[in-house]
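**Q** What follows is each chain in one-letter form.
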Amino acid sequence: MSLMYFKEHILPGKDKLYRFAQSILKNTMEAEDVVQEVLVRVWQKRDSWHEVENMGALTMKMTKNLALDKLRSKHRHTDDLPEYADWRDDATPPDEVIESNDMIEQIRQLMQHLPEKHRMVMQLRDIEGLSYEEISEMLEMPMNQVKINLFRARTHIREHLINSKLYEL
Amino acid sequence: MNYKEISQLLEKYFEGETSLQEEAQLREYFNGATIHESLRPYQPLFRFFQSEREQKLDTIFEEQLLRQLQKTEQPHLKVRRLSIWMARVAAVALLTIGVWWGYQQMNPAKTAPVAQAIDWSKYEPETPEEAYQVLKTSLKKASTELNQGAATAAEEMSKMRKITEIIQ
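Each protein sequence line maps, in turn, to chains Y and X.
Residue 79 in my numbering sits at position 79 of the first sequence, and the numbers go up by one each step.
Residue 267 in my numbering sits at position 98 of the second sequence, and the numbers go up by one each step.
So here's chain Y without its partners, still in its complex pose (with noise of 0.2 Å):
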């Protein structure tokens, strides 16, 4: 029975998850990892799912928590990771990528160097395409905020968007 209902309501969230752990994490792998946390760890507390209101936020805050603490600690491990670093294991390194222009790739590492809010909130709106509501209760932020750090946000890649001659390419 409960098996029923993971299957139905939880798992079918995992793309997302995943795609959000992904942006915060910049690897593949270990955004895979940590959604195969967060679902074993709801399964684990199965008995308290009537408990949950809204379990898509719920699964969504738990990556969130598990994929930060992920990345601090890795940081604390690592010497200073480079801030501009290639934010996908399998990424093709800068200069090739510039000479590929390709420009889908490069709006990629332009969202990249967006600060961790900025990013976090666009995610969810315009890639998720999740409500306001939503993604206040998901990262656990007032809703005035998440509405500024998404104008900020967008007006950061517009700029960019114009002063960059992507668009000639």
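Possibly wrong hints are sitting among the right ones.
Said to hold, decoys possible - Listed below are the simulated SDA-like cross-link pairs for lysine to any residue, each with C-alpha atoms no more than 20 Å apart in a straight line:
(1) X:Lys181 - Y:Met143
(2) Y:Lys147 - Y:Glu128
(3) Y:Lys117 - X:Glu221
(4) Y:Lys45 - X:Lys181
(5) Y:Lys45 - X:Gln237
(6) X:Lys225 - Y:Val40
By construction, these hints were calculated from the structure, which means they are not laboratory data.
Fit chain X to the known structure of chain Y by using the hints.
**A** Just chain X now, kept in the frame of chain Y:
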């Protein structure tokens, strides 16, 4: 949607004023085939959003996860089964010890006769007659001791029966 409408929507988007539905319209427009020349700078952004939405976990992930869920399930059940079994063993052991202790309390210990080690050199026969005598004596002794043993066992059994009656 025409150029004017899209430009207005785009402005609204960068002001943070668009609804989810309007944002979906923008995604649709910029992922379409015809994009107005002046709007082309924004195309990569909306194409990026679209391509990100298509990122998915490997299909094998689900299989592995469900297998892991079963694994986390097993030790839970195992422990429960073991504890019931252990409880049963413990209960039987406790009852046995209790009965034995009770029996010890009611009947102060009688020291059981300890068999003496046989000094075989004494019985070393020298003649066939002597050997026959030795054999006869040994068999007689063994027979007497066996009878004594059986009598003691019978006595113990009747005491156990009485204890059982008292317990019940």
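**Q** State for each hint whether it applies.
**A** Results for each hint:
1. X:Lys181 - Y:Met143: holds (18 Å)
2. Y:Lys147 - Y:Glu128: Given pair lysine 147 (chain Y), glutamate 128 (chain Y) holds - Cα atoms ~16 Å apart, limit 20 Å.
3. Y:Lys117 - X:Glu221: Cα-Cα ~18 Å, so holds.
4. Y:Lys45 - X:Lys181: violated (43 Å)
5. Y:Lys45 - X:Gln237: Measuring from Cα to Cα gives roughly 15 Å; hence the hint holds.
6. X:Lys225 - Y:Val40: Cα-Cα ~19 Å, so holds.
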